[in-house]
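S.K.: The primary structure of each chain is shown beneath.
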Amino acid sequence: KQEVTQIPAALSVPEGENLVLNCSFTDSAIYNLQWFRQDPGKGLTSLLLIQSSQREQTSGRLNASLDKSSGRSTLYIAASQPGDSATYLCAVEAGANNLFFGTGTRLTVIP
Amino acid sequence: NAGVTQTPKFQVLKTGQSMTLQCAQDMNHNSMYWYRQDPGMGLRLIYYSASEGTTDKGEVPNGYNVSRLNKREFSLRLESAAPSQTSVYFCATFGGVQETQYFGPGTRLLVL
Chain Y
1 KQEVTQIPAA LSVPEGENLV LNCSFTDSAI YNLQWFRQDP GKGLTSLLLI
51 QSSQREQTSG RLNASLDKSS GRSTLYIAAS QPGDSATYLC AVEAGANNLF
101 FGTGTRLTVI P
Chain F
1 NAGVTQTPKF QVLKTGQSMT LQCAQDMNHN SMYWYRQDPG MGLRLIYYSA
51 SEGTTDKGEV PNGYNVSRLN KREFSLRLES AAPSQTSVYF CATFGGVQET
101 QYFGPGTRLL VL
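One line per chain: the protein sequences are Y and F, in this order.
All the letters of the first sequence, read from the start, carry residue numbers 1 to 111 under the numbering used here.
All the letters of the second sequence, read from the start, carry residue numbers 1 to 112 under the numbering used here.
For reference, chain Y alone in the conformation it holds in the complex (with noise of 0.2 Å):
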């Protein structure tokens, strides 16, 4: 079964770092893999898709890469700011209907 690790479970920064969010997945074997965002209450939001054959997404200051081999990656925000502040979820699909999810990075940007 495909499991999904992110790393770290929270992480707290500076308004105006540049910060790197992880994804692990244990089976190569990808459809594709997504990054989505979750304000506290809410539902998710999907932020960037990588299809298996691509190696990376761009959209604004969030750009997502994907190593397939080595079942890992990462979300790039740069110049954060305190709306970026939100549980930053992968998943990856594995198969038609098959969405494994990560549990999650919980990202504070202090003003």
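For the record, the hints were derived by calculation from the structure and aren't laboratory data.
Using N, Cα and C, we set each Cβ at its ideal position, and we do this for glycine too.
Keep in mind that a hint or two might mislead.
Computed list of lysine-lysine pairs in PhoX-like fashion (alpha-carbon distance at most 20 Å, straight line) [stated by the list, open to error]: (1) K71(F) - K57(F); (2) K9(F) - K42(Y); (3) K68(Y) - K1(Y); (4) K57(F) - K1(Y).
Computed from the model, here is a short list of chain F residues facing chain Y with C-beta under 8 Å [said to hold, decoys possible]: (5) M41; (6) G42; (7) L43; (8) Y64.
So these bits of chain F aren't anywhere near chain Y, every CB distance computed over 12 Å [what the hints assert, rightly or not]: (9) V12; (10) T15; (11) Q17; (12) T20; (13) Q22; (14) P39; (15) L45; (16) E52; (17) N65; (18) R72; (19) S75; (20) S80; (21) L110.
Could you slot chain F onto chain Y? The hints should help.
M.R.: Chain F in isolation, oriented as in the chain Y frame:
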């Protein structure tokens, strides 16, 4: 467009009571999902429906039933609630240009 909506937002049940969680979408997506989210466990798939009239079990289906009433609605029923079913329940759809999942705001369920 409301996207994915869920009712109720919060519910308290006593052990043994039954209830139905409702989910509706106006995105015209075929696939719909029910997840539960527990601290330290991540989201786990309970049931999914690839299209109207079909449903399949996910990772943790025991204690739940589902109904895909039509393309818009996908409900989750707890016939006899147990404290272990205390969780946050999310409904999601799949589709769109980016072919990703779209989540509702969640239902917080407390079973005493």
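S.K.: Any hints from earlier that this structure breaks? Give me their numbers in increasing order, please.
M.R.: Those not satisfied are hints 8, 14, 15.
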